[in-house]
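Protein chains: 2
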Amino acid sequence: MELSDLLGQTSEWLKGTGDSSDIVVSSRIRLARNLEKIPFSHWANEKQKKQILDIIKPVVINHELMKEHLFCIIDELDEVDKNLLLERHLVSKEHIQPGGSKAVVIKNNETLSIMINEEDHLRMQAIKSGFNLQGAWDIVKVIDEDLSGKLEYAFSNNWGYLTACPTNTGTGMRASVMLHLPSLVMTNQINKVLQAIAKLSLAVRGFYGEGSDATGNFFQVSNQITLGYSEDEIIDSLSRVIKQIISQEKQSRINQLNNQRKMLEDKIWRAYGVLSNAKVISSSETIDLLSNLRLGSDLDIVNGINSRFINELFIIIQPAHIQKVAGKKLNSAQRDEKRAEIIKDKLKK
Amino acid sequence: MELSDLLGQTSEWLKGTGDSSDIVVSSRIRLARNLEKIPFSHWANEKQKKQILDIIKPVVINHELMKEHLFCIIDELDEVDKNLLLERHLVSKEHIQPGGSKAVVIKNNETLSIMINEEDHLRMQAIKSGFNLQGAWDIVKVIDEDLSGKLEYAFSNNWGYLTACPTNTGTGMRASVMLHLPSLVMTNQINKVLQAIAKLSLAVRGFYGEGSDATGNFFQVSNQITLGYSEDEIIDSLSRVIKQIISQEKQSRINQLNNQRKMLEDKIWRAYGVLSNAKVISSSETIDLLSNLRLGSDLDIVNGINSRFINELFIIIQPAHIQKVAGKKLNSAQRDEKRAEIIKDKLKK
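Residue numbers (the working numbering), protein chains in the order written: chain A, 23 to 371; chain B, 23 to 371.
A portion of the hints provided could be inaccurate.
To spell it out: a stretch of chain A is covered by chain B in this simulated footprint if at least three of its residues, at any positions, have a beta carbon under 8 Å from a beta carbon of chain B; those stretches are [to be verified]: (1) 75–83; (2) 190–200.
With a straight-line Cα cutoff of 20 Å, these simulated DMTMM-like cross-link-like pairs (lysine to aspartate or glutamate) come out [what the hints assert, rightly or not]: (3) B/K284 x A/E359; (4) B/K284 x A/E363; (5) A/K346 x A/D44; (6) A/K360 x B/E116; (7) B/K301 x A/E253.
Read the hints as simulated data drawn from the structure, not as lab findings.
Yeah, the Cβ is synthetic: ideal placement off N, Cα and C, and Gly gets one too.
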């Protein structure tokens with residue numbers, strides 16, 4: 023598979039299927055693992071990092087789940103391609119910073135990606151569409167178990183899996199769910215919800231993970247504690263909270279439909295009107311408007327536009343994707359024009 | 023003619039025809055006249071006002087130009103109908119305030135309307151589409167001359183026509199032109215233009231005349247001096263200024279097309295997008311967006327929508343018109359919904 027092939031497909035996790043996919047965009051499980059007797063990537067010298075890559079790469083790319091895959095050395099990619107991977111949530115922001123022997127292996131359908139020489143030697147993540155942490159865990163568990171038979175993981179009987187940052191030690195697991203909560207935002211209930219989440223030792227992040235703001239009413243909720251609980255316990259306790267948030271967003275949508283239907287319809291149709299007519303549009307405005315359109319589709323206020331279509335738009339309107347489609351580097355003003363053109367074309371269909 | 027028949031027609035002055043109709047919506051000439059030996063309307067008692075009406079009415083409605091007309095006693099109209107006349111620029115704000123024996127005679131095609139017992143006994147106005155002060159003057163001159171043969175006008179050889187307010191004494195003429203100047207507004211040149219106008223002893227008002235703000239980039243420019251110049255001189259000097267403003271707006275539009283075309287297209291198409299999709303919209307937002315759409319039509323950025331259609335929309339989206347179309351009284355929120363519905367329907371066609 024070539025990197026540019028990604029453009030022609032919809033990531034599996036964007037398909038808009040799965041439980042509660044009107045509210046939960048995707049579910050993700052990430053495991054951090056390190057090899058024994060080699061320094062963590064940040065402390066390793068170039069030779070050691072090369073060694074890490076050489077040990078891990080063959081084991082990963084030869085795994086059954088990775089039969090069809092894309093392998094990239096990060097430093098060999100240009101800026102646009104690096105950001106393309108970031109925009110598709112296949113690598114972290116940190117991972118695309120320069121640094122020898124960083125690599126990523128991506129399963130063709132984008133449900134599974136494995137970063138090599140990120141903060142930890144191995145970062146494995148599985149993403150599923152909708153509310154399906156178990157589904158993501160089932161994938162990542164298989165490859166983790168198989169890899170553990172072929173690689174010597176740094177593991178302590180006292181602490182569990184050892185990681186570069188102590189916040190990952192233990193299970194090395196980060197389970198996260200991307201939620202779309204427009205109604206809780208619109209009705210000013212979101213802060214109460216976020217405060218409650220914080221009290222439960224869960225973290226809330228934006229659309230692009232760590233360090234990103236909540237944009238387009240998307241919130242990524244994940245566990246903060248990795249130590250002292252089993253993987254199943256972590257998934258279970260996160261799931262219980264997510265179920266509550268889902269029911270609050272659902273109830274809020276019902277209330278709005280009952281009490282503010284016109285206002286809601288207005289907001290949603292105006293978003294459609296601007297998206298399908300603008301000639302210049304920024305990505306942040308686009309994301310806000312697409313958020314409204316997604317709500318409109320979920321509430322059957324706008325018909326003929328499904329979640330998959332909108333989820334896909336969220337990805338392809340981002341800067342690197344725009345430039346990939348245009349086939350050349352574009353400055354910000356040029357991207358804003360091209361973005362408007364792409365959205366218009368897509369909505370016309 | 024019935025008052026409700028107005029709804030089914032486009033006022034002649036909204037037809038979007040005539041010179042420079044891309045910038046000049048309409049041209050208007052208004053004459054103030056009073057009868058000899060009867061106090062001005064504000065000083066007259068009810069009996070005298072009745073007398074004024076009784077003297078003027080038959081002369082006006084029997085005039086050749088008023089063969090087909092609508093006659094209304096203001097106090098006999100309900101609030102919606104009064105405002106309907108105001109929104110169509112057929113009466114002044116002051117004229118629809120309660121007060122016995124106020125009346126208006128309107129020529130069927132709305133080019134000529136004569137208020138009786140406004141501030142002056144007689145206020146005659148002719149409106150023409152586009153830049154055509156002479157055309158309006160030709161109409162109003164005819165009826166004024168004919169009426170002067172049948173009514174005894176209050177006239178002083180020293181001062182000319184006597185009027186309730188000294189600012190109208192002399193010719194009693196107010197010549198005004200409604201300009202649409204979106205490009206001068208967008209490019210922040212409008213204040214310089216307005217300051218220059220003020221220095222020339224001209225007045226600038228908004229869409230609804232005296233006391234109204236400039237809305238939707240409409241500016242009504244009129245003479246302030248009525249004394250010491252002939253009617254032709256007043257028209258001539260106003261026309262010269264208007265021609266300059268027209269050429270400034272034209273030049274500004276050309277500059278914008280050359281240097282900011284995308285921004286302009288974006289603004290115009292977004293206006294179209296919102297107007298054709300909103301479910302709730304206020305009249306002030308509508309006027310602003312229609313202003314952009316009018317510019318888009320004038321610059322051939324939006325095709326298939328002509329000035330007449332947009333001019334008409336400006337009128338029918340106003341509160342009294344909305345209620346007339348709905349056939350019942352509506353509160354502000356209900357009007358905002360109905361307005362969105364009407365605009366959407368019109369734009370669909």
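Do the hints match the structure? See the list:
1. Counting residues of the stretch 75–83 of chain A whose CB lies closer than 8 Å to any CB of chain B gives 0, so the stated coverage by that chain is violated, three being the minimum.
2. Under the rule that three or more residues need a Cβ within less than 8 Å of chain B, the assignment of the stretch 190–200 of chain A is violated, with 0 such residues.
3. The hinted pair formed by B/K284 and A/E359 meets the criterion: a straight-line CA distance of about 8 Å does not exceed 20 Å.
4. Of the pairs offered as hints, the one joining B/K284 and A/E363 holds, with about 12 Å between alpha carbons and a cut-off of 20 Å not exceeded.
5. The suggested pairing of A/K346 with A/D44 is violated, with an alpha-carbon distance near 29 Å, which exceeds 20 Å.
6. Between the alpha carbons of A/K360 and B/E116 the distance comes to roughly 52 Å, so the proposed pair goes past 20 Å and is violated.
7. For the hint linking B/K301 to A/E253, the alpha-carbon distance of about 48 Å lies beyond 20 Å, and the restraint is violated.
Checked against the numbered hints listed earlier, the structure breaks hints 1, 2, 5, 6, 7; every other hint is satisfied.
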